[in-house]
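Enquirer: Read off the chains here:
Number of protein chains: 2
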Amino acid sequence: MNQLTGACIIGQSGGPTSVINASAQGVIQTALREGCITRVLGAAHGIKGVLDDKLYDMGQEDMAELDLLQYTPSSALGSCRYKLADPDLDDTDYKRILEVFKKYNVRYFFYNGGNDSMDTCNKISKYMQKMGYECRVMGVPKTIDNDLNGTDHCPGFGSAAKYIATSCAEVWQDAHVYDTGTVTVIEIMGRHAGWLAGSSALASRIGCGPDLVYLPEVDFDMDEFIASVREIYERTGKCMVAVSEGIHYADGRFVSEAETSATDGFGHAQLGGLAAMLANEIKERIGAKVRGIELSLLQRCGSHLSSKTDLEEAFLAGKTAVEAAVAGQTDKMVAFECDRSNGYSCVPVLQPLDIVANIEKKVPRAWINDAGNGLTDAFIDFVLPLVQGEPDTPRENALPRFARLKKVLTTDM
Amino acid sequence: MNQLTGACIIGQSGGPTSVINASAQGVIQTALREGCITRVLGAAHGIKGVLDDKLYDMGQEDMAELDLLQYTPSSALGSCRYKLADPDLDDTDYKRILEVFKKYNVRYFFYNGGNDSMDTCNKISKYMQKMGYECRVMGVPKTIDNDLNGTDHCPGFGSAAKYIATSCAEVWQDAHVYDTGTVTVIEIMGRHAGWLAGSSALASRIGCGPDLVYLPEVDFDMDEFIASVREIYERTGKCMVAVSEGIHYADGRFVSEAETSATDGFGHAQLGGLAAMLANEIKERIGAKVRGIELSLLQRCGSHLSSKTDLEEAFLAGKTAVEAAVAGQTDKMVAFECDRSNGYSCVPVLQPLDIVANIEKKVPRAWINDAGNGLTDAFIDFVLPLVQGEPDTPRENALPRFARLKKVLTTDM
Chain A
1 MNQLTGACII GQSGGPTSVI NASAQGVIQT ALREGCITRV LGAAHGIKGV
51 LDDKLYDMGQ EDMAELDLLQ YTPSSALGSC RYKLADPDLD DTDYKRILEV
101 FKKYNVRYFF YNGGNDSMDT CNKISKYMQK MGYECRVMGV PKTIDNDLNG
151 TDHCPGFGSA AKYIATSCAE VWQDAHVYDT GTVTVIEIMG RHAGWLAGSS
201 ALASRIGCGP DLVYLPEVDF DMDEFIASVR EIYERTGKCM VAVSEGIHYA
251 DGRFVSEAET SATDGFGHAQ LGGLAAMLAN EIKERIGAKV RGIELSLLQR
301 CGSHLSSKTD LEEAFLAGKT AVEAAVAGQT DKMVAFECDR SNGYSCVPVL
351 QPLDIVANIE KKVPRAWIND AGNGLTDAFI DFVLPLVQGE PDTPRENALP
401 RFARLKKVLT TDM
Chain B
1 MNQLTGACII GQSGGPTSVI NASAQGVIQT ALREGCITRV LGAAHGIKGV
51 LDDKLYDMGQ EDMAELDLLQ YTPSSALGSC RYKLADPDLD DTDYKRILEV
101 FKKYNVRYFF YNGGNDSMDT CNKISKYMQK MGYECRVMGV PKTIDNDLNG
151 TDHCPGFGSA AKYIATSCAE VWQDAHVYDT GTVTVIEIMG RHAGWLAGSS
201 ALASRIGCGP DLVYLPEVDF DMDEFIASVR EIYERTGKCM VAVSEGIHYA
251 DGRFVSEAET SATDGFGHAQ LGGLAAMLAN EIKERIGAKV RGIELSLLQR
301 CGSHLSSKTD LEEAFLAGKT AVEAAVAGQT DKMVAFECDR SNGYSCVPVL
351 QPLDIVANIE KKVPRAWIND AGNGLTDAFI DFVLPLVQGE PDTPRENALP
401 RFARLKKVLT TDM
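Respectively, the protein sequence lines represent chains A and B.
Heads up: the first sequence begins at 1 in this note's numbering, then just goes up one per residue.
Heads up: the second sequence begins at 1 in this note's numbering, then just goes up one per residue.
Please note that a few of the clues may not be correct.
[To be verified] Subject to a maximum C-alpha distance of 25 Å in a straight line, what follows is the list of computed BS3-like cross-link-like pairs (lysine-lysine):
id: 1; chain 1: B; residue 1: Lys102; chain 2: B; residue 2: Lys54
id: 2; chain 1: B; residue 1: Lys238; chain 2: A; residue 2: Lys48
id: 3; chain 1: A; residue 1: Lys130; chain 2: A; residue 2: Lys48
id: 4; chain 1: B; residue 1: Lys83; chain 2: B; residue 2: Lys362
id: 5; chain 1: B; residue 1: Lys95; chain 2: B; residue 2: Lys48
id: 6; chain 1: B; residue 1: Lys289; chain 2: B; residue 2: Lys308
id: 7; chain 1: A; residue 1: Lys54; chain 2: B; residue 2: Lys126
id: 8; chain 1: A; residue 1: Lys238; chain 2: B; residue 2: Lys406
id: 9; chain 1: A; residue 1: Lys407; chain 2: A; residue 2: Lys362
id: 10; chain 1: B; residue 1: Lys48; chain 2: B; residue 2: Lys407
id: 11; chain 1: B; residue 1: Lys126; chain 2: B; residue 2: Lys83
id: 12; chain 1: B; residue 1: Lys83; chain 2: A; residue 2: Lys238
id: 13; chain 1: B; residue 1: Lys308; chain 2: A; residue 2: Lys308
id: 14; chain 1: B; residue 1: Lys406; chain 2: B; residue 2: Lys54
id: 15; chain 1: A; residue 1: Lys407; chain 2: B; residue 2: Lys103
id: 16; chain 1: B; residue 1: Lys407; chain 2: A; residue 2: Lys238
id: 17; chain 1: A; residue 1: Lys102; chain 2: A; residue 2: Lys126
id: 18; chain 1: B; residue 1: Lys48; chain 2: A; residue 2: Lys238
id: 19; chain 1: B; residue 1: Lys54; chain 2: A; residue 2: Lys238
id: 20; chain 1: B; residue 1: Lys406; chain 2: B; residue 2: Lys362
id: 21; chain 1: B; residue 1: Lys103; chain 2: B; residue 2: Lys54
id: 22; chain 1: A; residue 1: Lys48; chain 2: A; residue 2: Lys83
id: 23; chain 1: A; residue 1: Lys289; chain 2: B; residue 2: Lys48
id: 24; chain 1: A; residue 1: Lys289; chain 2: B; residue 2: Lys83
id: 25; chain 1: B; residue 1: Lys238; chain 2: B; residue 2: Lys308
id: 26; chain 1: B; residue 1: Lys362; chain 2: B; residue 2: Lys283
id: 27; chain 1: A; residue 1: Lys289; chain 2: A; residue 2: Lys54
id: 28; chain 1: A; residue 1: Lys362; chain 2: A; residue 2: Lys406
id: 29; chain 1: B; residue 1: Lys54; chain 2: B; residue 2: Lys126
id: 30; chain 1: B; residue 1: Lys54; chain 2: A; residue 2: Lys83
id: 31; chain 1: A; residue 1: Lys83; chain 2: A; residue 2: Lys406
id: 32; chain 1: B; residue 1: Lys406; chain 2: B; residue 2: Lys48
id: 33; chain 1: A; residue 1: Lys238; chain 2: A; residue 2: Lys289
id: 34; chain 1: A; residue 1: Lys283; chain 2: A; residue 2: Lys238
id: 35; chain 1: B; residue 1: Lys406; chain 2: A; residue 2: Lys48
id: 36; chain 1: B; residue 1: Lys126; chain 2: B; residue 2: Lys48
id: 37; chain 1: B; residue 1: Lys102; chain 2: B; residue 2: Lys407
id: 38; chain 1: B; residue 1: Lys238; chain 2: A; residue 2: Lys83
id: 39; chain 1: B; residue 1: Lys95; chain 2: A; residue 2: Lys406
I should point out that these hints are in silico values taken from the structure, not numbers from a laboratory.
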């Protein structure tokens, strides 16, 4: 084994999740204990913090506050949506990253994010190799969307799935309280993959879920949609529908975009609102009382409903990344191999960054029913283990007690 | 004491809450134990169930399922929004109610609801007195809006307040993750009273709450609103705003109605969306990136975030109603007298239905800051005790385990 001594940088990127900070905690606390890692630096707002030399010295933080990271939603170090150029076309950013790496003798780089972040991670890894600068680069996965390739599932998904299923079950109770007819449309995140919207079907398992679920994996047809809603509404007086924000027509147009290009009476563009748009369509065509609900940011930051399984796996992903890098691994992402055949087990493995970056994993068509408006048992069996367990969330005055970091910049020390 | 023997009816009415079923449980389980109450009947969809003779025999239910009622959001017996006529103008409904009461020898009537329901309760009570039919009538309060007169606060409010404060704190974390500017607008229920929107300020106490809070108690001025948002946004790069759905201009027009009378490009009426509308206004006038979030039904059915204090008080309200009625009381609503001077204590008392019905209790102007865009410490001190405590919510497969009632109709027995 090749012992490599130097500082490490941990950065977070892309949309937040409820448990991304558990992964950061796994990286930071493990790195602080590794003798060969001389300094643990947190990048402010992901790769932008490296480019701007805005790095926090994580060794200055209280361990008790770092312990609270796992219960703190969103990205504690700050996030970004910064896309690195192709280094063959423009290597300005890469040169700067190398310069900052050299300044702090950074020999370990951990990047905590989703699809785009694994692409960033991969590009940096390849550039450092090309330049002959020895730096071990590891991707730590996160995304509520669960669309990362090369892993059974992704940290962040289980907690969002649990939030969605629980909220759908509760809304179902509310939506069935009157003896008058109503149709409820719930809009769930997911532009290209339907893992999250599909998770609403967990609530159907306990008799309180959507009657119909629409994912981006199946082309959307408005007439068929209206016919399905009408049939259930006329038979039962109620209908609850869950839709991915990314549902699209056969020609590829997003259903939301197709309609929200309209402007209102003031000439303003209409904001978002796929749920409201579909609810309105149902009202116009079926005459039902409707309600559109958008779970919005709540579903990705609702850490009070985290899955303990997800939380522990998110921490494990960060810890594994550091241990593997110290042991000599580089150019990999931590992934999970799971076995559901006899209970549930999850083992961290390493995947080459190449096979992860820029590929979106969709819900298999076989896990969606033939009509394209519901999920099969195979989907449920896949998701159910990931939402298990209640974390012992610390509270102050009954409100969540989030980590309070000092965030001491190295340039201020 | 006058011992009165006969059946009782419990009905639920108005919008659901997270804990209204805890009150129903308090009524049902206490009534089932009282010797003078010969039969416990649950009205399907409130007073409509009485009018239609659709009554469930609650003695047929499993006690273990009744125990789960407190963890089950929304109204388990079904609700209604049925307004009884003035009996001097039209006594048809009252005659029918008396007929059904006589059919089952109903001598106790418990009505679990908010403002309108206490009016229903009051009218029935006065009618039965006028007709010389001995029946003890008790109101059991519920409303997330906390606008019932004659009580310190109302069951249902504390849990909704906790949901709102927790969700705002989580969204705050998410909304501050990027180093780019954003304005977030969160729309909260409350047409005429701002107790719920005000509760978002609890999150500000832990540093993760809205910068600005607007309640219906203060006339809204769009230009002042934009100026306040602009000042905070330009100074900090972020701004988070909480608004009551019921904010209105000085002339009384709701801000939402004033704008949503507009139609979109298809000639459809725009649906709801005060948050989206204000976010759009901010985008147009300030040029900020914006996000509008509507907490919608989630805030009133989010029982996974119930306050244990609220849950216990809701049960106590139901139990007290039965015990007081058996002891000879009638024509009253259970209310709370609280003392916050040395810790928090809450004692149930009885208030005449007359003084409760049809009066809306608003947030005192002195509890709102001078600028009309934030809450004072007095408001926080009032709300904070009501959100305390985590109930031990039963789960199955990590999802909530709601009560499953048999709902055996008397007419089917």
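Enquirer: Indicate, hint by hint, whether the structure satisfies it.
Expert: How the hints compare with the structure:
1. Distance check on the hinted pair: Lys102(B) and Lys54(B) sit about 15 Å apart at the alpha-carbon level, within 25 Å; holds.
2. A threshold of 25 Å between alpha carbons decides the hint, and for Lys238(B) with Lys48(A) the separation of about 19 Å falls inside it, so the pair holds.
3. At roughly 22 Å between alpha-carbon atoms, Lys130(A) and Lys48(A) fall within 25 Å of each other, so this suggested pair holds.
4. Distance hint between Lys83(B) and Lys362(B) is fulfilled; the C-alpha atoms sit about 23 Å from each other, no more than 25 Å.
5. Our distance criterion of 25 Å between C-alpha atoms is met by Lys95(B) and Lys48(B), whose separation comes to about 14 Å.
6. The straight-line distance between the Cα atoms of Lys289(B) and Lys308(B) is roughly 38 Å, outside the 25 Å bound, and the hint therefore fails.
7. Pair hint Lys54(A) plus Lys126(B) does not hold up; C-alpha atoms about 72 Å apart against a cutoff of 25 Å.
8. Proximity of Lys238(A) to Lys406(B) is assessed by CA-CA distance (about 20 Å); at most 25 Å being required, the pair is judged to hold.
9. For the hint pairing Lys407(A) with Lys362(A), the CA-to-CA distance comes to about 37 Å; that exceeds 25 Å, so the pair is violated.
10. For the suggested pair Lys48(B) and Lys407(B), the alpha carbons sit about 16 Å apart, so the restraint of at most 25 Å is met.
11. Restraint check: the Cα-Cα separation between Lys126(B) and Lys83(B) comes to about 16 Å, which is no more than 25 Å; the hinted pair holds.
12. A distance of roughly 23 Å separates the Cα atoms of Lys83(B) and Lys238(A); the hinted pair therefore holds under the 25 Å criterion.
13. Restraint check for Lys308(B) and Lys308(A): satisfied, since their Cα atoms lie roughly 22 Å apart, inside the 25 Å limit.
14. For the proposed pair Lys406(B) and Lys54(B), the alpha carbon gap of about 14 Å is at most 25 Å, so the pair holds.
15. Among the hinted pairs, Lys407(A) with Lys103(B) is inconsistent with the structure: their alpha-carbon atoms are about 72 Å apart, more than 25 Å.
16. In summary, the hint linking Lys407(B) to Lys238(A) is supported, as the alpha carbons are separated by about 19 Å, within the 25 Å threshold.
17. Between Lys102(A) and Lys126(A), the direct Cα distance comes to roughly 16 Å. Compliance with the 25 Å bound is thereby established for this hinted pair.
18. Under the criterion of a C-alpha separation no larger than 25 Å, the hint pairing Lys48(B) with Lys238(A) is consistent with the structure, at around 19 Å.
19. As the CA atoms of Lys54(B) and Lys238(A) are separated by approximately 20 Å, the hinted pair is consistent with the 25 Å bound.
20. Between Lys406(B) and Lys362(B) the alpha-carbon distance is near 39 Å, which puts this suggested pair outside the 25 Å criterion.
21. Using a Cα cut-off of 25 Å, the hinted pair Lys103(B) and Lys54(B) holds, with the two alpha carbons roughly 13 Å apart.
22. For the suggested pair Lys48(A) and Lys83(A), the alpha carbons sit about 10 Å apart, so the restraint of at most 25 Å is met.
23. Distance restraint check for Lys289(A) and Lys48(B): the Cα-Cα separation of roughly 20 Å lies within the 25 Å cut-off, and the hinted pair is therefore satisfied.
24. A hinted pair counts as satisfied when its Cα atoms are at most 25 Å apart, and Lys289(A) with Lys83(B) qualifies at roughly 19 Å.
25. Proximity of Lys238(B) to Lys308(B) is assessed by CA-CA distance (about 34 Å); at most 25 Å being required, the pair is judged violated.
26. A C-alpha spacing of about 32 Å is found between Lys362(B) and Lys283(B), which places the hinted pair above 25 Å, so the restraint is violated.
27. With a CA separation close to 52 Å, the supplied pair Lys289(A) and Lys54(A) exceeds the 25 Å bound.
28. Pair hint Lys362(A) plus Lys406(A) does not hold up; C-alpha atoms about 39 Å apart against a cutoff of 25 Å.
29. Restraint check for Lys54(B) and Lys126(B): the C-alpha separation of about 23 Å stays at or below 25 Å, so the hint holds.
30. Straight-line distance between C-alpha atoms of Lys54(B) and Lys83(A) comes to about 63 Å, which puts the hinted pair past the 25 Å bound.
31. Only pairs whose Cα atoms come within 25 Å are accepted, and Lys83(A) paired with Lys406(A) is rejected, the gap being roughly 28 Å.
32. For the hint pairing Lys406(B) with Lys48(B), the CA-to-CA distance comes to about 19 Å; that is within 25 Å, so the pair holds.
33. A C-alpha spacing of about 10 Å is found between Lys238(A) and Lys289(A), which places the hinted pair at or below 25 Å, so the restraint holds.
34. Distance hint between Lys283(A) and Lys238(A) is fulfilled; the C-alpha atoms sit about 13 Å from each other, no more than 25 Å.
35. For the hint linking Lys406(B) to Lys48(A), the alpha-carbon distance of about 59 Å lies beyond 25 Å, and the restraint is violated.
36. Straight-line distance between C-alpha atoms of Lys126(B) and Lys48(B) comes to about 19 Å, which keeps the hinted pair within the 25 Å bound.
37. A distance of roughly 22 Å separates the Cα atoms of Lys102(B) and Lys407(B); the hinted pair therefore holds under the 25 Å criterion.
38. Among the hinted pairs, Lys238(B) with Lys83(A) is consistent with the structure: their alpha-carbon atoms are about 23 Å apart, no more than 25 Å.
39. Taking the CA atoms of Lys95(B) and Lys406(A), the gap is near 70 Å; set against the 25 Å cutoff, the hint is violated.
Going through the hint list in order, the structure does not satisfy hints 6, 7, 9, 15, 20, 25, 26, 27, 28, 30, 31, 35 and 39.
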